[in-house]
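Student: Please construct the entire structure, taking both the sequences and the accompanying hints into account.
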Amino acid sequence: MWSYTLKRILQGIITVWFIATATFVAMHNVPGDPLSSDRAANETIRANLEARYGLDRPLFEQYLMYMGNMLRGDFGISFTQQNREVNDIIREHFPVSATLGVLAVVFAALGGILMGALTALYRNRLPDYIIMFLVILGISVPSFVFAALGQLSLVNLNAMMGFSVLPVAGWGTVSHMLLPALVLGLGTMAYLTRLMRSSMLEVISSDYVRTARAKGVPPARIFTRHQLRNAVMPVITVLGPAIAAITTGGFVVELVFAVPGLGRYFVQAVQQLDYTVIMGTTVFYGTFLVFMVILVDLVYGWIDPRVRLK
Amino acid sequence: MKPDRSVDSRLLSAAGRQLIVFTLISLLGVAVLMFALNWLAGLTSSAAGGSRAAVDVEANTITTYLRDEPPQMNSMIATDAVSGMILNHVMEGLLRYDQFGNLEGAVAERWEQNGSEITFWLREDSLWSDGQPVTAHDFVFAWRNALSPAIGSQYAFILYPVLNAEKVNNGELPLESLGVEAVDDRTFRVTLETPIAYFDRMVAFVTFLPAREDFYNATNGRYGADPHEMLYNGPYMMTSWVHGSSLRLEKNPYYWDDNRGLIEVINFAHMTSDPNTLLNLFKDKQIVMADLGATMLDEAMLQGWQIQSFQEGTVFFIEFNHRDERLTRNLNLRKAFYLAQDSGELVNRVIKLPGYLPGESLFPVWLRGVDDSLRDEFPAPVYERNIELAREYLQRALDELGLEQLPQMTLLTGDTPTSRMQAEYYQEVFKRNLGVDVIIDSQIFRQRLEKMTQGEFDMVMAGWGPDYDDPLTFADLFTSWNLNNRGRYASDALDAQVRIAQSSLDTEERMRAFGEIQRLIYEDVVIIPNYERGYVYVTDPRLRGMVRRVIGAEIDFTYAWIEE
Chain A
100 MWSYTLKRIL QGIITVWFIA TATFVAMHNV PGDPLSSDRA ANETIRANLE
150 ARYGLDRPLF EQYLMYMGNM LRGDFGISFT QQNREVNDII REHFPVSATL
200 GVLAVVFAAL GGILMGALTA LYRNRLPDYI IMFLVILGIS VPSFVFAALG
250 QLSLVNLNAM MGFSVLPVAG WGTVSHMLLP ALVLGLGTMA YLTRLMRSSM
300 LEVISSDYVR TARAKGVPPA RIFTRHQLRN AVMPVITVLG PAIAAITTGG
350 FVVELVFAVP GLGRYFVQAV QQLDYTVIMG TTVFYGTFLV FMVILVDLVY
400 GWIDPRVRLK
Chain E
169 MKPDRSVDSR LLSAAGRQLI VFTLISLLGV AVLMFALNWL AGLTSSAAGG
219 SRAAVDVEAN TITTYLRDEP PQMNSMIATD AVSGMILNHV MEGLLRYDQF
269 GNLEGAVAER WEQNGSEITF WLREDSLWSD GQPVTAHDFV FAWRNALSPA
319 IGSQYAFILY PVLNAEKVNN GELPLESLGV EAVDDRTFRV TLETPIAYFD
369 RMVAFVTFLP AREDFYNATN GRYGADPHEM LYNGPYMMTS WVHGSSLRLE
419 KNPYYWDDNR GLIEVINFAH MTSDPNTLLN LFKDKQIVMA DLGATMLDEA
469 MLQGWQIQSF QEGTVFFIEF NHRDERLTRN LNLRKAFYLA QDSGELVNRV
519 IKLPGYLPGE SLFPVWLRGV DDSLRDEFPA PVYERNIELA REYLQRALDE
569 LGLEQLPQMT LLTGDTPTSR MQAEYYQEVF KRNLGVDVII DSQIFRQRLE
619 KMTQGEFDMV MAGWGPDYDD PLTFADLFTS WNLNNRGRYA SDALDAQVRI
669 AQSSLDTEER MRAFGEIQRL IYEDVVIIPN YERGYVYVTD PRLRGMVRRV
719 IGAEIDFTYA WIEE
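Chains as they are written, first to last, in this note's numbering: chain A, 100 to 409; chain E, 169 to 732.
Hints are computed from structural coordinates only; laboratory data are not their basis. Please read all numbers here as calculations on a predicted model, not as lab measurements. Virtual Cβ for every residue (Gly too), placed ideally from N, Cα, C. Among the clues, some could well be false.
[Stated by the list, open to error] Just the calculated beta-carbon pair ranges, DEER-fashion:
#1 A/128 to E/441: 41 to 49 Å
#2 A/136 to E/344: 46 to 54 Å
#3 E/545 to A/168: 53 to 61 Å
#4 E/600 to A/300: 56 to 64 Å
Tutor: Structure representation (structure tokens):
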């Protein structure tokens, strides 16, 4: 177990290093740089700026410097927001994305498990048809459509009621995050519903359920202990990556609902070629993703010894 | 084997009951979770205290939005419009523009230009937000600092008319040799490199704002990073700034000119540029104003909102690549392209937003001439669309170039949906009217700039906005020495006219030079003018006196009031 854990962590570190290096190389090979602006700088101004950011040194030296700072946990100062450290940006804005993400995942997991179980129980009956139709919608319609539609309905609802039922956009209370979280979690919820349904169907017709019935185990106990519990395993497996994906992929939802999350910095940094923010957010997100995957692997190895042995 | 029906239905009803129980438990769990999250989210709130309504008459408060997080509140370094807008509310320079766009004294009571020497006399009652008076030393410090090589300000060039500014900026001369002097606490004297006629109008720009040395040094390089790390001398003070989320301005108790009836609190509660979100927030009465897109006009009219439009001052055009190795160096080819299109069609059929004006000149309509508008005094010559003639010019160009057929031309443009849409219009028009294949090279902002600088284009969709209130801010764009002249157009005649406009102190002579520059750009087809950008926006009917400006703050609430 220990050697397995150690091996996975070592692999993770190499992956993160690779992500950082690849990003660094790619970023510096894109034409243009963060210091160019629509007011072309003369040599003097340009040189002053380059010296201030250390961009006048050879690329390899910049790379070593950058990696050294990164090891010490210092991502540097943003080019576009020259008074803010990238660490501050991550520290201030990741909790927002994470809060939204956690709520979205909770919605998705609970909704997915409950609806999946429901559709499996009522297979080929009306509830199954309705939910599976909605699931197809949830999977195929992109989140920005749901976001825009949700917001529009909210505006109309508020206008109809004559007072603010839920705020249309912004951040600060739970009422602000209900709709964005729901929208953000919708795709995952639909996916989990399908996953839960198929795994539940498999379990229902399994031998141990039949044995339990034959033994005369009470139906409620069969459902919770034998069916639900076994069926939920694959759902838990995909939850780890799903948390990472939702937390990092909320850019559109954050934009539409004016949520001050990290997603917007991630995307804007790429557009603005803000070197330090690109590196900081990519490495941070990369580490986060890798960590989630390792966590799932470890939990999996703990549950199922066969995984460890391979 | 057939399953026993009764066992199945018993299982089903038991499972159904269990599911209901689980649902209830989940809901309870979610409720508890939300309670915890509520506390967490309060830490990064956008509601930043106070009311959430667009207008609070009682508290004399308005709520609105920012397009973006202001990147830089240090006036010596700031370059962008959002920071400029906030700075205009919290700081005040020597001079400012009133609600009608006329230059007037701000910190300076009066000023006088005598050749290359300008003296500003500062008012006694202009105070910093800690109660100390604003002095001439604060301007000396800020101007020197903006030029200091260590600061590396991108807008340092705007101070270059001041004596020795460029040499100070590149480190050849010490900061002290800059041509600024505090004669006494309330007399500030500027010496210019050469006498110029428009320096007073530049002084209203953010880079010329004051800063107090002792306070600046005490912030350890974090000046302007947070509300308490800034000292204000304008009508407002920043009292809270949750990065990426909200920003709150409150009236500055030390401000001298407070009998204007300033609004107490301006709450920028949202930072987003999504037009649909803004429209929804406006509809929900959460913000006092919102810009509209073309598709939103019908609804706005239906709702009976106050719709207003204004030209924000930027000119957009197709710039040709005039480098030697490019085919677009050929004048007849450029003429052919110009004649094949119609900027009116672009504005009325493609952009479809009121407020936009079809482009006719490099000089926008709002520029002032001798007594009237520059464009009235010197009407812009234009080529009317003439497809026959365009094809003739194309043929002539092909003959001159010794080509059978024109190879594919590259049109460089931005990556936003609007810029792509406009590029597609030109692609279609050039194909239909000239039979020329144009490929669209759509790039993100910084990469487009790099490609422009490197000359990797035949045509590029570009734009230019003013830095100060004088036609020269446009006129010198295509001089041989201007680094922003990315198509590398070069003409001695144009350079000569720009030199006249720069150095002459006679308004009429300067305006004639601008007229001449306009004609040269037309005759040489340096650009194809596309449009002057406009904004269409709605405001809450209770908000009065909001000013939108071409120069300086694009939105100015310092002359606004609330009417019940």
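Student: Evaluate each hint against the coordinates.
Tutor: Against the structure, the hints come out as follows:
A beta carbon spacing of about 29 Å between residue 128 of chain A and residue 441 of chain E contradicts the range 41 to 49 Å that was offered as a hint. At roughly 29 Å, the beta-carbon separation of residue 136 of chain A and residue 344 of chain E lies outside the given 46 to 54 Å, and the hint is violated. Distance hint for residue 545 of chain E and residue 168 of chain A: a CB-CB separation of about 58 Å, consistent with the stated range 53 to 61 Å. Between residue 600 of chain E and residue 300 of chain A the CB atoms are about 58 Å apart, so this pair conforms to the stated range of 56 to 64 Å.
Violated hints, listed in ascending order, are 1 and 2; each of the other numbered hints is respected by the structure.
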